[in-house]
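Q: Each chain, written out:
Protein chains: 2
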Amino acid sequence: MGVLRRTSRDIRSDSRLDVLHAVLSAGETTRNELTQTTGLSPATVATVVGDLIGEGIVVETKVTAGRIGRPTATLAMNAARGRVVGVDVAETYIRAVVFDAALNQLAHAQVARDEHVLDPDSVVEGIGRAVELVLAEGDVRRDEVLGVGVSLPGLVQGPNTVSVVVPNWTWHEVELDRLRERVGMPLVIDNPLKAMATAELWLGRGRYVSSLATINLGTGVGAGVVLERRILRGATNSAGEWGHSLLVLDGRRCRCGRHGCVEAYVGVPGIQQTLREIDPGHALVRLEAQSDFIAALARAADSAEPDSAVDETIARTAYYLGSALADLVAVVNPEVVVLTGWTTWALGDKLLPATRRHLQEQAPGWSARDLLLEISTVEGNSVATGVATTALERYLADVGLLTTQIPIAL
Amino acid sequence: MGVLRRTSRDIRSDSRLDVLHAVLSAGETTRNELTQTTGLSPATVATVVGDLIGEGIVVETKVTAGRIGRPTATLAMNAARGRVVGVDVAETYIRAVVFDAALNQLAHAQVARDEHVLDPDSVVEGIGRAVELVLAEGDVRRDEVLGVGVSLPGLVQGPNTVSVVVPNWTWHEVELDRLRERVGMPLVIDNPLKAMATAELWLGRGRYVSSLATINLGTGVGAGVVLERRILRGATNSAGEWGHSLLVLDGRRCRCGRHGCVEAYVGVPGIQQTLREIDPGHALVRLEAQSDFIAALARAADSAEPDSAVDETIARTAYYLGSALADLVAVVNPEVVVLTGWTTWALGDKLLPATRRHLQEQAPGWSARDLLLEISTVEGNSVATGVATTALERYLADVGLLTTQIPIAL
Ligand SMILES: [Zn+2]
Ligand SMILES: [Zn+2]
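Residue numbers (this note's numbering), protein chains in the order written: chain A, 1 to 410; chain B, 1001 to 1410.
It should be emphasised that the hints constitute simulated quantities derived from the structure, not laboratory data. Just so you know, not all the hints are guaranteed correct.
Stated by the list, open to error - Restraint ranges, calculated between C-beta atoms of paired labels, are given here:
| no. | chain 1 | residue 1 | chain 2 | residue 2 | range |
| --- | --- | --- | --- | --- | --- |
| 1 | B | Asp1119 | A | Val285 | 51 to 59 Å |
| 2 | A | Arg9 | B | Thr1377 | 20 to 28 Å |
| 3 | B | Val1174 | A | Gly39 | 48 to 56 Å |
| 4 | B | Arg1357 | A | Arg142 | 27 to 35 Å |
| 5 | B | Asp1279 | A | Glu312 | 48 to 56 Å |
| 6 | A | Ser25 | B | Glu1228 | 40 to 48 Å |
What the hints assert, rightly or not - If you only want the chain B side, here are some residues facing chain A, beta carbon under 7 Å, derived:
| no. | residue |
| --- | --- |
| 7 | Gly1234 |
| 8 | Ser1238 |
| 9 | Leu1249 |
| 10 | Arg1258 |
| 11 | His1259 |
| 12 | Asp1327 |
| 13 | Val1331 |
| 14 | Asn1333 |
Note that the coordinates shown come from a computational prediction; the quantities given were computed from them, not determined experimentally. Where a beta carbon is used, it is the ideal one built from N, C-alpha and C, also for glycine.
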């Protein structure tokens, strides 16, 4: 694969990205403030802001006469520059979200998906339909769209190939060509773990630290790793598959086929299994739908009436999660670990204290001493948000502002 | 901790590092060949080679008249430029190795260490003594030494602190000051996992790929991770502690205090434990010294007389190792995994085929499809070699050729 060579163009690109992140974070800011928040020189900030204004990405919203010296211009993202769409292809739904160019959410739409229908045509059609619906919902014309990002589960890359590999669902060039034709707008694809991490990098904790791991907790479980402001992709875009690392050798069978994966314990079916092991006759065991189960578990934990099986299920889940996070911290040693995903939204506050304690106890040496473990502040569907952000990055790369390696631009 | 900013100086530094690596790899080379092997432009190669010759790091060894055009100069590292020393502080010994500036080993020396004597003074004195011995052995004057690197187990970094944290052995500023005074030459310290990875990056497989993990197999077990030609250090220099990630939740007690760590299964005491579980009465169980045990295990496996307990021990160790490597591959997804350390030298060829099979079977998706798993080609004590290389890097940074962030320069 060889070695990625960085050039002075990359450094200009990094400066522009820093300024973009700072403008996004601040909402409204000034050149002076940007000098402070980015650490760049005033001259570099002036040049970069000029570039971004020149392409209509940033605008001066108002100019205030200063008491001394020159008037001060207020800067903001130019929301009107265009629209970007993010699409999260999940197991039972396809959700599309449209954003303005300041990454404010404008509208969303969802189409159901039968997880047992595996033919690529139906998925491609579902994605196309979700995009059409969200554009209609947000009253957005196709020619306003700067780019569309689609998150596909199991997306991997070989040296010269791109494939979507989930059990019984393999896409190659042909299917990707069909997707490009169906969407008919500039398109990028990525996998959900990388999309989540991108959202955290642009809009969450990633703006303030140099390394972090985002942890997705839902039916599936995985991590997005950010090192020095860049997503860790790995040799085949598969880095972050912490959900399929071992918690227990020869333990519970995981849906990936391996035995003892983290996901088999802290994914929702794993949590259902834990309750079943604690009390096979418990009423919640009968709730087969995962979302019903997690909602009921959260309600039971909040209830005035104590339920020791529920409490024990949450305690064991926190033990599994804290232990597995200690492994991730042992290997990657990030500054921050951020929890996200729908289990987090429902149960995160109940899991957090014990998870933090187990993580601190089990992570080696000093690696967790100053570690922050927290719930993500990125709102909404972070997969859709992240992959829409990648679509915006691709647009910024296409107009020459960034040199970001876009994972897969179709 | 903030974000590391890269500048055009870093890019020049990267080019110089590429050329240095290429000259080191080739032994002898030419500017034309360097253009091909590094992918840099002829103009950049000419400038960089000029810089390196200017500082006496590279020399023209001979000039051949070309059939057409200008004569061709043969380039090589300038071995005579000076000497560097690497010191591996292990549990039962301190080993010092002296190299010339082309990283050829000149001499080595070793002093025994009582692993139960934990006072810093005795360790500092042992390091000082080992350095004196190796300089005498190699007939090297102190004023020839460009730098000394010392690998300390458990070395970690906080935001403003450097400490050596191993159970019952904590060093802070005071002890490090004493070490600097005792050595009395330009000094860098690092931890052994990072040192190993540095050796692999400069002298092994790291010259040809952009990502790899080096796996140290000995009494202790750990990984050094290289991403885009740089050592992954993590927030507290603790990245790579894969040896203390879980193989079996609530499994065997590890010497770090946690239960079920990889090290408790594939570290040498773990392998001894595996044999004891298979056949408590086996003759090899009585060999308490770890090096005797591993040597005898290798001999028994090679013997014409079949020993099913030995075969089963090796088979289980390969299963544990392959499973644990699959976890590392799941999270980091490197191009190459390289085995090193004294268990590797003794048992690597016996472990490799089954380990590779288990790794391929258990790593998620495509992540191990094109992965290389191999035994390191870095000869000798790679910890000493790696930390000596870091001392050389520090010298190159001090003279302004590189901008490498040296972990800890005292
Ligand atoms: Zn799995
Ligand atoms: Zn351990």
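Q: So, for every hint listed, does it hold in this structure?
A: Here is how each hint holds up against the structure:
For aspartate 1119 of chain B and valine 285 of chain A, the Cβ-Cβ distance of about 58 Å falls inside the hinted range of 51 to 59 Å, so the restraint holds. Hint check: arginine 9 of chain A to threonine 1377 of chain B, Cβ distance near 36 Å, so the stated range 20 to 28 Å is violated. About 33 Å separates the C-beta atoms of valine 1174 of chain B and glycine 39 of chain A, a value inconsistent with the hinted range of 48 to 56 Å. In this structure, arginine 1357 of chain B and arginine 142 of chain A break the distance hint of 27 to 35 Å, their C-beta atoms being roughly 51 Å apart.
Taking 48 to 56 Å as the suggested C-beta distance range, the pair aspartate 1279 of chain B and glutamate 312 of chain A does not conform, at roughly 39 Å. For serine 25 of chain A paired with glutamate 1228 of chain B, a C-beta distance near 26 Å fails the hint of 40 to 48 Å. Look at glycine 1234 of chain B: its Cβ gets to within about 2 Å of chain A, closer than 7 Å, so that hint holds up. Interface restraint check for serine 1238 of chain B: the shortest CB-CB distance to chain A comes to about 4 Å, inside 7 Å, so the restraint holds.
Checking leucine 1249 of chain B against chain A by beta carbon gives a least distance of about 5 Å; that is within 7 Å, so the hint holds. With a least beta-carbon distance of about 5 Å to chain A, the hint placing arginine 1258 of chain B at the interface is held under the 7 Å criterion. Taking 7 Å as the C-beta contact cut-off toward chain A, the hint placing histidine 1259 of chain B at the interface is violated, the least distance being around 9 Å. Annotation: aspartate 1327 of chain B was flagged as interfacial toward chain A, and the flag holds, the nearest CB pair being 4 Å apart, inside 7 Å.
For valine 1331 of chain B, the shortest C-beta to C-beta distance to chain A is roughly 5 Å, which falls under 7 Å, so the interface hint holds. The beta carbon of asparagine 1333 of chain B is positioned within 7 Å of a beta carbon in chain A (closest approach about 2 Å), and the interface hint is therefore held.
Of the numbered hints given earlier, the model fails hints 2, 3, 4, 5, 6 and 11; all others are met.
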